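Below are the chains, spelled out letter by letter.
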Amino acid sequence: MQPVISIKNLSKTYASGFQALKSVDLDIRPGEIFALLGPNGAGKTTLINIVCGIVNASTGTVTIDGHDHIRDYRAARALIGLVPQELHTDAFETVWATTSLSRGLFGKPRSPAYIEKVLKELSLFDKKDSQIITLSGGMKRRVLIAKALSHEPRILFLDEPTAGVDVELRKDMWDVVRALRAAGVTIILTTHYIEEAEQMADRVGVINNGELILVEEKAELMRKLGRKQLTLQLQGRIERVPEKLALYRLELSPEGNALTYTYDTRSERTGITTLLRDLGEAGIRFSDLQTKQSSLEEIFVSLVKEGA
Amino acid sequence: MNYRAVMTIYGSEMARWRRTIMQSVISPVLSTSLYFVVFGSAIGSRITDIEGVSYGAFIVPGLIMLTLLTQSTMNASFGIYFPRFVGTIFEILSAPVSAFEIVLGYVGAAATKSVVLGLIILATAGLFVPLRIAHPVWMLAFLLMTAATFSLFGFIIGLWADSFEKLQVIPLLILTPLTFLGGSFYSISVLPPAWQTITLFNPVVYLVSGFRWSFYDIADVSVGVSLAMTLFFLVACLAIVWWMFRTGYRLKK
Ligand SMILES: Nc1ncnc2c1ncn2[C@@H]1O[C@H](COP(=O)(O)OP(=O)(O)OP(=O)(O)O)[C@@H](O)[C@H]1O
Ligand SMILES: [Mg+2]
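These protein sequences, in sequence, are chains A and B. Positions in the first sequence are counted from 1; adding 1343 to them yields the numbering used here. Positions in the second sequence are counted from 1; adding 1 to them yields the numbering used here.
Hints are computed from structural coordinates only; laboratory data are not their basis. Treat the numbers as computed from the prediction; the structure is a model and nothing was measured. Possibly wrong hints are sitting among the right ones.
[Unchecked claim] Below, a list of computed lysine-lysine pairs in the DSBU-like style, where the Cα atoms sit at most 35 angstroms apart:
no.	chain 1	residue 1	chain 2	residue 2
1	A	1561	B	253
2	A	1471	B	254
3	A	1483	B	254
4	A	1351	B	253
5	A	1471	A	1451
6	B	253	A	1471
7	A	1561	A	1514
8	B	254	A	1561
9	A	1648	B	167
10	A	1648	A	1587
11	A	1635	B	253
12	B	167	A	1483
[Said to hold, decoys possible] Not the full set, but computed from the structure, chain B residues with beta-carbon under 8 angstroms of chain A:
no.	residue
13	87
14	88
15	98
Ideal Cβ placement from N, Cα and C applies to all residues, glycine included.
With the rest of the complex left out, here is chain B (with noise of 0.2 angstroms):
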């Protein structure tokens, strides 16, 4: 194992994320302020508690699952999109460095950031919101899986997007909807059953109701059917990457 390299590149991917961190902490921080107080706040003192939670505090698992998915998949794709762009890859690619070196130190890397995004914004949240953590070991646990699995993703998305449209596209066009329609914002008891079934299909479900469940000891599906996918999805992201590597797919020529 080459450990060195590994540091190498998790160390120089956090210091390109350093010498930007206003952006990065500031944008997602005042947005989801907003959130709050638009749906905390605004609306959601309109709105009756549900299973004794109050609205602004049942949305805080979800506002941090977006964050951290939306954040995990559009670092690690630029991460490695960009050198692929640049044509800086070529050191990658002929160092003595294993795939799976290369995939610890830029997804490692794209999932610190994240998660120390999902731990700014859940502090964030408590000025508030009174936040209550049930059982603080799996919600890191659910944060630290989801923002691998996530990061893993972006990496593939950057390995696949020629271009920077595609690159863009995935975050916005997929994951957003998904975050939105997986009961990030409501619970989704609330929607009619067929809606419900169809829901089913959507991952962020399991993630949020997981994710939720550490906070509140609510969940849309039992926890059990949430770690489980999770660990599902971890692992098939892992094996993509690992066919990508493999085959040297858009890697070389």
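Okay, chain A solo, but in the shape it has when bound (with noise of 0.2 angstroms):
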């Protein structure tokens, strides 16, 4: 499938000589909800900037559905919709005003049933005629989502869109996306819960120090990285686990009643049969059990640990 975003050798160093990207490469894939992960100032936002116009790359390329993002400037940027990481507004504007004026700004035509759409999916509609100075922080991220929705985007780009949101809200906005998705937007968003993407992303990827380490299927992934644990709770305490036990690398709680045993889901041999007999053997009971597989985030944090 042609990609709908195409970055090739996308680098850049900003005027005080700090080099924020390096290298990138990364295609879109047209309808999906690709999850751009990776700490603070590892260069998500200066990637998203880049392919919108709004910071100037130091080398490479960026094609949006087969248009150049400088030469073909109009084309490729009328199919993209941007929420930024900053609450950027126009304070003393309404947000009718302010979501009419970010349509205008893409060429197209008025459409107020349009924007009272946006703004009722985004539970705006009844501040509509309220200045923005007035609204909260939570409130001003979704007039944000409402400006780059305006213009009827066909691919999104959403910088921390739930930072400041309550639990609420975040559902319902995650649900706009949904819809989204399902209208055949493509949608690339950035995250530092990663709960998140791993319910919503179709892909992700990592970005540490300006480098994409890793471009990955989600399911992928975690199938791939996903590591399970075991969690034993002990009947009793235990000072520490017996020498016996030493292969199997379990964990024992500060408070010495339960044991963790962490295991590969991708090879053929777990260990926990061995691991239950040799435990009933050294006498030590357990009164209950629970398997966990680790999350996107541990994931995460083991890959950017690595990198470091």
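Mind assembling these two chains? They're in different frames, but the hints should get you there.
Have a look at this one:
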């Protein structure tokens, strides 16, 4: 399938001399939700801002649906909606005016009906005549989303859309994102709430120190790097793990009443059977047990640590 | 051409102006009226006519120019500085609009505002002194060209400034002195010859002289030179703006 965004050899060195991006190559597929993860300062916003025309690249090319984002900027940008990370809003404008303004800037004919629909989906319609300065941070964030959607983009960049948004509204927001995806909109998002990426994304990219260190199908990533943990709740307390069980690399909880065994779901033998048998022989009895799949967050943290 | 974007920028700039219309209009009208009271009536009555024009009437074109220059510069510089300052410029930069369309929207709005103010001041002046406009078409042409030029100039300042101080300093420290020394309130022929030569380096001389000619048929420099110089400043400002956008100067990191 032809990628909808094609990024080649993209580097950015800021005027300060700091290299924020190091030769990034990335293809975004049409209709997918792509989550860009990375610690603070990794270069996520820089990457997004270059694609959207706000920051100049030092090297490399970006093609949006076949249009070079510099030479053919009109066609390229017309397809893109951007929700920036910072809450940049025109404080004295009303919600309605600022949303309509975005639509006008993108050259779309006025459509009060469409603006109304967008504002309603984002639960902003009852605030439509309020000045933005009177809104809370989470509402401002949604105003920015409304502005980005006002011109019916086919590609949507969400740079930390849920920062400062409460749980209830976050759910609404993701409903909007799912609906957009169902309508064929390609979505690229960054977030520090990794469980969101885990729930929402089709593919995940991890960026660290300006380098894209991994791009993977989310499901594949979870499977490949997925470690599982078995936690055994002990009937009594033990001082330390018996010597005989050393090869299992068990972790004893500080209270001495739980043991954790980490195993790899990919291996043929997980070692659980022998572990349980050996525990019985060592006279350790347990009252309960549970298993847990490692989350994307844990995968992410271990990846970034490895990279450092 | 993304006309809708131009009209959107223009419309939102004009809307911002309308929200503060009272301050925007009252303060220039008030200060102009004060000039007429002080210079036109109080002092002017003791000054002899200049080439057959009463002093009060003589200063009208200069006063309008003073307002036009400062208002165009301030409006346009603030118009583009503000979105840079609060960060909303991201939207302009990521929209499918060309540099020309952005400039047209911002500068067009700033120029419209100052032309409206200029006409209001002209009408105010009519209440104090008998007005005569020998070449109304040229008068309007000079008005429009000057408003456009100095709105472009203001746009450049608004792109260049990285603090509110810098934004204020240019109109205050450069424009006002240039206007006062540029023959707004006197004919430069009253100056000693050496000063006359120096004054010719002041661009405002050409604007005021041409503008005054369109009123009273009297001029410090020939009207052709005035026109050429006005056009030259217009083109120079356009060139600088074009360069700024081409290089992303102070707009893109
Ligand atoms: N204008 C600038 N001049 C110099 N360095 C900059 C500039 N903007 C960003 N940087 C640097 O580039 C790096 C990447 O910044 P960027 O904003 O892209 O990170 P990020 O991944 O979005 O981080 P966060 O998760 O905090 O939003 C950071 O080290 C930052 O300090
Ligand atoms: Mg960021």
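In rising order, the numbers of the hints this structure does not comply with
Violated hints (numbers, rising): 9 and 11; every other hint is consistent with the structure.
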